[in-house]
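Visitor: Please work from the sequences and hints to get the whole structure.
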Amino acid sequence: MQLEIRERKIGQIVILDLTGKITIGDGSNKLRDEVNRLLEIGEREIILNFEGTSYLDSSGIGELISRHTTTKNQGGHLKLLKLPKKIRDLLTVTKLLGVFETFENEQDAVLSFGVLGVVPQQNG
Amino acid sequence: MQLEIRERKIGQIVILDLTGKITIGDGSNKLRDEVNRLLEIGEREIILNFEGTSYLDSSGIGELISRHTTTKNQGGHLKLLKLPKKIRDLLTVTKLLGVFETFENEQDAVLSFGVLGVVPQQNG
Amino acid sequence: MMQAEKVVEITIASSLELIDIITLTADHFAKLSGFDEEELYRINLAVRESVANAIEHGNKYNAEKNVEARFGLTELRLSVSIRDHGAGFDPETLPDPLDPENLLNPAGRGILYMRSFMDQVDLVRHPEGGMQITMVKNRPAPSSPPPAPETSSGGEGK
Amino acid sequence: MMQAEKVVEITIASSLELIDIITLTADHFAKLSGFDEEELYRINLAVRESVANAIEHGNKYNAEKNVEARFGLTELRLSVSIRDHGAGFDPETLPDPLDPENLLNPAGRGILYMRSFMDQVDLVRHPEGGMQITMVKNRPAPSSPPPAPETSSGGEGK
Ligand SMILES: Nc1ncnc2c1ncn2[C@@H]1O[C@H](COP(=O)(O)OP(=O)(O)O)[C@@H](O)[C@H]1O
Ligand SMILES: Nc1ncnc2c1ncn2[C@@H]1O[C@H](COP(=O)(O)OP(=O)(O)O)[C@@H](O)[C@H]1O
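Residue numbers (the numbering used here), protein chains in the order written: chain H, 1 to 124; chain F, 1 to 124; chain C, 1 to 158; chain L, 1 to 158.
Calculated from the structure, these hints are not laboratory results. A portion of the hints provided could be inaccurate.
The calculated label-pair distances, taken between Cβ atoms and stated as ranges, are [what the hints assert, rightly or not]:
#	chain 1	residue 1	chain 2	residue 2	range
1	F	Asp33	H	Lys95	49 to 57 angstroms
2	L	Val124	C	Glu37	40 to 48 angstroms
3	H	Phe100	L	Ala141	33 to 41 angstroms
4	H	Glu104	L	Thr74	41 to 49 angstroms
5	F	Gly98	L	Glu38	46 to 54 angstroms
Think of the CB as a built atom: it goes at the ideal place given N, C-alpha and C, for glycine as much as any other residue.
Guide: This is the structure we're talking about:
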């Protein structure tokens, strides 16, 4: 299944719910475009929710790294939520688990951004 | 998915619930063996329930005809229950719809056997 | 943008358990072609019949003989050719499975499936031996998803 | 019963949207081999990486160049070879993606995937040009479902 991305906002934080495969071509491109679009409109605190996806090829992993780096370079944060075991294993194999901030549940992820997320308010 | 066959009895009537594909090789063979086994132990009134299957290749259709003929030759009846549209279409294309007795709901199929099925009693 | 034919070729040994490899490919091509689920099912069945015939009647389950499939996708149509290495046969001489006197014959409906579900079916003896069946299905008019174009710059077409 | 290698060969044009045809076949073979769902996933990923490399680095998305896949299944192992028609490369010279200084490099993990998920990976230049990657995975010990035997009399093995 091709990657689908749903966007939610909690306060200043954008959560992208990912469903499908993040692979070379469409999947990676979509993720790149979506994160870049958020950065362009000024968003800086982004959570990628992996609950609906467990297929990530090396191009998909590369895209995660690129978006992580780009976000950081612009003073933002890209955090990973609810990694399925399969993706966690891939990040272990590639020794990347330490590179990303990862969370098991959404509230922890939201609160980790500090004051921005303390008073969650539904937007859009 | 390979064909799976679950057997139920209502009075003297055996209902085979089919799930999966009825195709050349395994699927057709399994259906043949199961109906033949029933005939060998003396069963004569058989309903094939297609609710869980909609994939029937020409070998599967051939198997239906063979089992229908064999059952009839031994004084029994083989009836078809809950044909999905796709299988109904295949029987239309092959002009076989008139060859089989088909039913939309289980009670009608059971009652069609006459006195044998009038007082349904759960067996086994 | 005009695009060339997109081609996939598959060779399998004569084993029923390998048929799915060709039908899975048929599904994938049918999806790329824009066919709906109902047509996917029909294409899948037609392809299954032709491969089963190649294994059963053509190669007679001889595992040393291969079945060769060729899928071709253009803007207008999907084509599937299946070739075996058997003795071949003359399709003109086959009994008609719709003739009332053949109705209870358990076999003889595979080619009927193919002809019913595809737009064009050609059965010819291959010049180098064996039978070759070519089935063509015209693609649905490009409504919402247009025929997948291919970029040459690294992106995926569709 | 000793059985010969069961072989499937697939040729695709260099198009990312055709990769799935080869990974679907990998899934089917992996199932026939008796691998569990976890290993299916890993085999699928390794195969995807090798085909993606063949299209991207080997054939450089040139639709006129093909990628050729060969699957072979014996009682003991599943092998997958992927060949392209590019310039080839020397695997010895590649940077190590696990080296801390390469950790944030967005590329360079495909071959690591293959080596992690398959039991043996050989990367060689094909004598007639292009790169050929051969990956082997040993089949699980035949516990409940034994390695599918093949009858030659018309029945399906498993
Ligand atoms: N590839 C083939 N090689 C040789 N003979 C074939 C081939 N395909 C079909 N035939 C012949 O045509 C007949 C009809 O085929 P088909 O309509 O598929 O029905 P079935 O396979 O059930 O007999 C077969 O019984 C066989 O004699
Ligand atoms: N089939 C191939 N033909 C030519 N070069 C290749 C091929 N496969 C891999 N390479 C080279 O090896 C490098 C590492 O490949 P890989 O580990 O898959 O990572 P990536 O594809 O992300 O670069 C590639 O960047 C490329 O230079």
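Visitor: Evaluate each hint against the coordinates.
Guide: For each hint, the structure was consulted:
1. F:Asp33 / H:Lys95: 49 to 57 angstroms: Given about 53 angstroms between the Cβ atoms, the range holds.
2. L:Val124 / C:Glu37: 40 to 48 angstroms: Given about 43 angstroms between the Cβ atoms, the range holds.
3. H:Phe100 / L:Ala141: 33 to 41 angstroms: With a Cβ separation near 37 angstroms, H:Phe100 and L:Ala141 satisfy 33 to 41 angstroms, so the hint holds.
4. H:Glu104 / L:Thr74: 41 to 49 angstroms: holds, 43 angstroms
5. F:Gly98 / L:Glu38: 46 to 54 angstroms: 50 angstroms Cβ-Cβ, so the 46 to 54 angstroms window holds.
In this structure, every one of the numbered hints holds.
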